[in-house]
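Participant: Residues per chain are reported as follows:
2 protein chains.
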Amino acid sequence: MKAIELSYVENQAILELNNDFELPKRKTNQLLVKVEAAAINRTDLVAKETGKLPKGNTILGVEVSGIVIESDSKVFPCGSRVMGLVNGGGYAEYAVMNLGNAMPLSEKLSFEEGAAIPEVFLTAYQTLFWLGELKSTESVLIHAGASGVGTAAIQLVKQLTSAKIFVTASSAEKLELCHTLGADVLINYHEKDFSEIIQQETVGKGVDVILDFVGASYWDKNLASLSYDGRLILIGILGGALVKDVNLMNLLEKRITIKGTLLTPRSDEYKARLTKEFSEKTKMLFETGHLKPIIDSIFLLKEVEQAHQLMKSNKNKGKIILKINR
Amino acid sequence: MKAIELSYVENQAILELNNDFELPKRKTNQLLVKVEAAAINRTDLVAKETGKLPKGNTILGVEVSGIVIESDSKVFPCGSRVMGLVNGGGYAEYAVMNLGNAMPLSEKLSFEEGAAIPEVFLTAYQTLFWLGELKSTESVLIHAGASGVGTAAIQLVKQLTSAKIFVTASSAEKLELCHTLGADVLINYHEKDFSEIIQQETVGKGVDVILDFVGASYWDKNLASLSYDGRLILIGILGGALVKDVNLMNLLEKRITIKGTLLTPRSDEYKARLTKEFSEKTKMLFETGHLKPIIDSIFLLKEVEQAHQLMKSNKNKGKIILKINR
Numbered sequence: 001m002k003a004i005e006l007s008y009v010e011n012q013a014i015l016e017l018n019n020d021f022e023l024p025k026r027k028t029n030q031l032l033v034k035v036e037a038a039a040i041n042r043t044d045l046v047a048k049e050t051g052k053l054p055k056g057n058t059i060l061g062v063e064v065s066g067i068v069i070e071s072d073s074k075v076f077p078c079g080s081r082v083m084g085l086v087n088g089g090g091y092a093e094y095a096v097m098n099l100g101n102a103m104p105l106s107e108k109l110s111f112e113e114g115a116a117i118p119e120v121f122l123t124a125y126q127t128l129f130w131l132g133e134l135k136s137t138e139s140v141l142i143h144a145g146a147s148g149v150g151t152a153a154i155q156l157v158k159q160l161t162s163a164k165i166f167v168t169a170s171s172a173e174k175l176e177l178c179h180t181l182g183a184d185v186l187i188n189y190h191e192k193d194f195s196e197i198i199q200q201e202t203v204g205k206g207v208d209v210i211l212d213f214v215g216a217s218y219w220d221k222n223l224a225s226l227s228y229d230g231r232l233i234l235i236g237i238l239g240g241a242l243v244k245d246v247n248l249m250n251l252l253e254k255r256i257t258i259k260g261t262l263l264t265p266r267s268d269e270y271k272a273r274l275t276k277e278f279s280e281k282t283k284m285l286f287e288t289g290h291l292k293p294i295i296d297s298i299f300l301l302k303e304v305e306q307a308h309q310l311m312k313s314n315k316n317k318g319k320i321i322l323k324i325n326r
Numbered sequence: 001m002k003a004i005e006l007s008y009v010e011n012q013a014i015l016e017l018n019n020d021f022e023l024p025k026r027k028t029n030q031l032l033v034k035v036e037a038a039a040i041n042r043t044d045l046v047a048k049e050t051g052k053l054p055k056g057n058t059i060l061g062v063e064v065s066g067i068v069i070e071s072d073s074k075v076f077p078c079g080s081r082v083m084g085l086v087n088g089g090g091y092a093e094y095a096v097m098n099l100g101n102a103m104p105l106s107e108k109l110s111f112e113e114g115a116a117i118p119e120v121f122l123t124a125y126q127t128l129f130w131l132g133e134l135k136s137t138e139s140v141l142i143h144a145g146a147s148g149v150g151t152a153a154i155q156l157v158k159q160l161t162s163a164k165i166f167v168t169a170s171s172a173e174k175l176e177l178c179h180t181l182g183a184d185v186l187i188n189y190h191e192k193d194f195s196e197i198i199q200q201e202t203v204g205k206g207v208d209v210i211l212d213f214v215g216a217s218y219w220d221k222n223l224a225s226l227s228y229d230g231r232l233i234l235i236g237i238l239g240g241a242l243v244k245d246v247n248l249m250n251l252l253e254k255r256i257t258i259k260g261t262l263l264t265p266r267s268d269e270y271k272a273r274l275t276k277e278f279s280e281k282t283k284m285l286f287e288t289g290h291l292k293p294i295i296d297s298i299f300l301l302k303e304v305e306q307a308h309q310l311m312k313s314n315k316n317k318g319k320i321i322l323k324i325n326r
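Quick mapping for you: the protein sequence lines, in order, are chains A and B. In terms of UniProt numbering, the first sequence has 72 at position 72, counting the first letter as 1, and numbering is strictly consecutive. In terms of UniProt numbering, the second sequence has 189 at position 189, counting the first letter as 1, and numbering is strictly consecutive.
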């Protein structure tokens, strides 16, 4: 089958289309999926650069949509349209998907849209509700609001709660997208200090939950923006990993919770539980169009390196997709 | 009534017995308690030094035991023996206690023992189970194992779970007390690096929960001692508040949760919920002697300054108590 081969020449990672991959072998409780679309994730870029391949799969790609071609499952028989996380192997014509990770893909959504859902929506759902324990009466600050996880998080908060949504982004265009999806307070971080806006808008109280992809460079402003009993959920360190001078007294006095998390390395069992709850809560909302995957751009499989470069540039609004079998 | 007056001479706090305090006034849903014993807490020392009095009560003291002398409650009628948290006012002959904070004091326990229970056992219960979410199959590291909260935490873990208990303390004598109460692995932090012992004992896995009173000076070793999905509960900063160079990548990769907390400033409603659950789960265990308050020493009310100095020296094993009405 066709798939993207990852190799290294003088420590430089190279992604190239190779037609000679063997078909992956499915076990019980797994589906073999003819992949129609896969999505690019930051975890792929990290794996490529570090050579640390999650779950040891030499083919990158942690989410796909497609058609089931081998199955023991009555819920997902052969011919079913599915989307879901995979343990690597997404940049390929065929991929193995754990039954627990499979979600039905509505006829109303294209395969490209299906591939744009699992990773960002599951991450947003998990961080907002499982880790952040966001309640309807609360407020949330979503950094990088126009990113994949950001756009998913705004929609989930809007559709599942009545919490007030603050977002940051780098341009008026990105903020307009966030506004369309349901964000209440839009902050251009190039123009304003987000912690000052939050102090003003919340009359000094702060927000209850922050979803942060930025890390070190936002640390002090994040802590200043949290309310008593606030939760800072760290899911990325685009702004650096090293914080100088953390004052623990702030954490005690404001009773702050900080949770670091990554979805990809978690256990199959965890992902299956998350997938099940998410799918039950959101299936109808995708059918009715209240939730929608946001796609920035679609590349052919052989154009994968361009797709990676686009993600690296942080210029995308929403997901970057690979079309596989066309 | 008699109570301890807090005043300042040249910024130096002075605690003195004063016979001319007015009796505190009780509201609906409050009890007036004739105080028999009160306990010293670190929060009292902080309030004294900073002049920031929790809930604005000018008399220190956040926990007492005694006899109800005014009440509308059928559960705690006049004459009932009670123990519980108070919003300041504990270092006095009479104190007002919210009904939600009152717990029945068994005839099998003395008033001194009763005053030694609420703050440390509620703090330990809250941090271990509500914040730390400790499960029976897990492991916990309790720093300052011979302190008030430490001795309560060891007993609660031992009696309510089958989790493995690691403790640190500064002397063989303190560690022996921890062992008697149920600690499994004893670490003298003057002699050994606790993170190395934990790596050895858990075969590199780490512990699931850490209760820490120390803060900055233990930060790196605490993070190194936590397992994947581990929780660090920070309830004190005896070893400093300022941590240099925090690496957030560690938090993400190991999916670490850090929670800062203080009990005293929390809402009455929160304390009432905590008191109710704790009392239901532990009442019989105090009756049968499976749980026991650990008392280091008992002072007269007028000796309060000596009692504070003892706590400041960190030499106590268990609680420091004030006898009030004798």
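Honestly, the hints are just simulated from the structure, not real lab data. Don't take every hint at face value.
Unchecked claim - Listed next, the in silico DSS-like pairs over lysine-lysine satisfying Cα-Cα at most 30 Å (straight line): (1) K55(A) with K221(B); (2) K281(A) with K135(B); (3) K254(B) with K135(A); (4) K27(B) with K254(A); (5) K254(A) with K74(B); (6) K2(A) with K108(A); (7) K135(B) with K221(A); (8) K192(A) with K254(A).
Claimed, not checked - Derived list of chain A stretches under chain B, where covered just means 3 residues or more per stretch with a C-beta under 8 Å from a C-beta of chain B: (9) 201-211; (10) 241-255; (11) 260-269.
In this text the structure is predicted, and so the values were computed from the model without any measurement. Ideal placement from N, C-alpha and C gives every residue a C-beta, glycine not left out.
Participant: Look at each hint and say if it fits the structure.
Facilitator: Tested hints:
1. K55(A) with K221(B): Answer holds: K55(A) to K221(B) is near 28 Å, not above 30 Å.
2. K281(A) with K135(B): OK: K281(A) and K135(B) at ~28 Å, within 30 Å.
3. K254(B) with K135(A): Distance of about 26 Å is within 30 Å: holds.
4. K27(B) with K254(A): Answer holds: K27(B) to K254(A) is near 29 Å, not above 30 Å.
5. K254(A) with K74(B): 37 Å, violated
6. K2(A) with K108(A): Holds, because 28 Å separates the two Cα atoms, which is no more than 30 Å.
7. K135(B) with K221(A): This hinted pair is violated, its Cα atoms lying about 34 Å apart.
8. K192(A) with K254(A): Judged against 30 Å, a Cα distance of about 25 Å means the pair holds.
9. 201-211: violated (count 0)
10. 241-255: Since 15 is at least three, the answer is holds.
11. 260-269: holds (count 5)
Violated hints, in rising order: 5, 7, 9; the structure is consistent with all others.
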